[in-house]
Amino acid sequence: MMQAAEPSAEERAVIEGRLGRNGPIEDALASATAALSGLSACAGIVLVPKREPVLRQLGFVQLSPSQALVVMVGNDGSVENRVVDLPVGITQSALTEVGNYVSARLSGLTLPDAQARLTEEIIAGEAALDQAAGELVSRGLAVWSQDGSRRPVLIVRGQANLIDEGAAADLERVRQLLDELEGKEEIARLLDRARAGKGMKIFIGSETKLFALSGSSVIAAPYRGGDGKVVGVVGVIGPTRLNYARVVPMVDFTAQALSRLMA
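To get my numbering, take the position in the sequence shown, counting from 1, and add 3.
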């Protein structure tokens with residue numbers, strides 16, 4: 004029923020011009036999202052491809068008899084830390100031994116691969132770790148694996164576009180939407196529904212609990228990697244009264260441009 008209009012040459016040039024191939028892919032995704040936001044007068048959103056961290060080093064520092072600080076250094080130089088519970092009887096010298104084992108045997112692996120190798124070596128009796136130490140390494144690796152699967156990697160640009168003349172009459176609903184955008188989890192779950200589809204998805208107002216409150220809609224399309232598999236989702240959030248005929252093809256074109264970039 005909708006008579007869609009293709010993006011103009013100028014609009015296509017703006018979007019493609021922001022997709023520089025030099026630098027981190029996240030920078031290109033953020034720039035394309037900002038361009039889409041500006042052209043559509045909506046908030047631009049993009050779900051970034053999830054990357055498994057590659058382990059360089061895992062260290063443990065005992066904080067108390069029952070807890071330790073786990074420090075993970077990734078191959079990209081990133082450093083993160085978490086607090087984990089310790090098995091009964093673990094000492095600082097044992098923690099040092101565990102750290103040395105990880106650096107020697109599991110460095111260069113993604114976290115799931117490191118966990119799998121550790122499990123194989125323990126079962127085969129090849130791991131130079133006792134049961135408590137093996138449990139501790141597995142627990143430390145699991146912290147990041149679980150965090151990575153739960154943490155949405157979402158870039159949002161142009162939130163100010165959501166505060167227009169129509170929104171001024173009900174700023175509380177807009178505030179709720181902006182809070183959701185800040186938290187990102189609910190938006191990321193919604194975009195995951197678009198990731199599972201083969202093409203464009205449009206979520207209008209009352210179709211979702213989140214947007215029933217704010218009177219907003221989402222237009223989203225998946226983009227693909229070099230192997231043809233969906234790796235992320237790009238789209239916009241705007242009022243339900245937005246110009247779908249103009250914005251839908253714009254989102255679709257951005258998804259195609261991102262797919263070319265990722266190829």
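Read the hints as simulated data drawn from the structure, not as lab findings. Bear in mind that the values here come from a model prediction, so they are computed numbers and not experimental data. Where hints are given, some of them may not hold.
FRET-style restraints, in silico, Cβ to Cβ [claimed, not checked]:
(1) 246 / 77: 21 to 29 Å
(2) 92 / 228: 29 to 37 Å
(3) 90 / 110: 21 to 29 Å
(4) 60 / 248: 48 to 56 Å
(5) 66 / 202: 46 to 54 Å
(6) 116 / 27: 32 to 40 Å
(7) 126 / 246: 23 to 31 Å
(8) 20 / 70: 27 to 35 Å
(9) 163 / 20: 17 to 25 Å
(10) 12 / 81: 39 to 47 Å
(11) 94 / 127: 42 to 50 Å
(12) 199 / 266: 18 to 26 Å
(13) 20 / 60: 38 to 46 Å
(14) 91 / 122: 20 to 28 Å
Glycine included, C-beta positions come from ideal geometry on N, C-alpha and C.
Checklist entry - Does the hinted range 17 to 25 Å hold for residue 163 and residue 20 at CB? => result 22 Å, holds
Item to check | Range hint 23 to 31 Å (beta carbons of residue 126 and residue 246) holds or violated | outcome: 60 Å, violated
Next on the checklist: 46 to 54 Å was suggested as the range; check whether the CB atoms of residue 66 and residue 202 agree with it.
Outcome noted: 50 Å Cβ-Cβ, so the 46 to 54 Å window holds.
Next on the checklist: Tell me if the beta carbons of residue 90 and residue 110 are separated by a distance inside 21 to 29 Å.
Outcome noted: 23 Å, holds
Next on the checklist: Taking 29 to 37 Å as the stated bounds, is the beta-carbon spacing between residue 92 and residue 228 within them?
Outcome noted: 46 Å, violated
Checklist entry - Does the Cβ distance between residue 246 and residue 77 fall inside 21 to 29 Å? => result 43 Å, violated
Checklist entry - Quick one: are residue 20 and residue 70 within 27 to 35 Å, going by C-beta? => result For residue 20 and residue 70 the Cβ distance comes to about 51 Å; the hint is violated.
Checklist entry - Do the beta carbons of residue 60 and residue 248 sit within 48 to 56 Å of each other? => result Taking Cβ atoms as reference, residue 60 and residue 248 lie about 54 Å apart, which means the hint holds.
Checklist entry - Given a hinted range of 38 to 46 Å, is it respected by the beta-carbon distance of residue 20 and residue 60? => result 40 Å, holds
Checklist entry - Does the hinted range 32 to 40 Å hold for residue 116 and residue 27 at CB? => result Given about 23 Å between the Cβ atoms, the range is violated.
Checklist entry - Does the Cβ distance between residue 12 and residue 81 fall inside 39 to 47 Å? => result At 40 Å between Cβs, range holds.
Item to check | residue 127 and residue 94 - C-beta distance against the hinted 42 to 50 Å | outcome: Violated: the Cβ-Cβ distance is about 26 Å, outside 42 to 50 Å.
Hints 1, 2, 6, 7, 8, 11, counting from the list given before, are not met by this structure.
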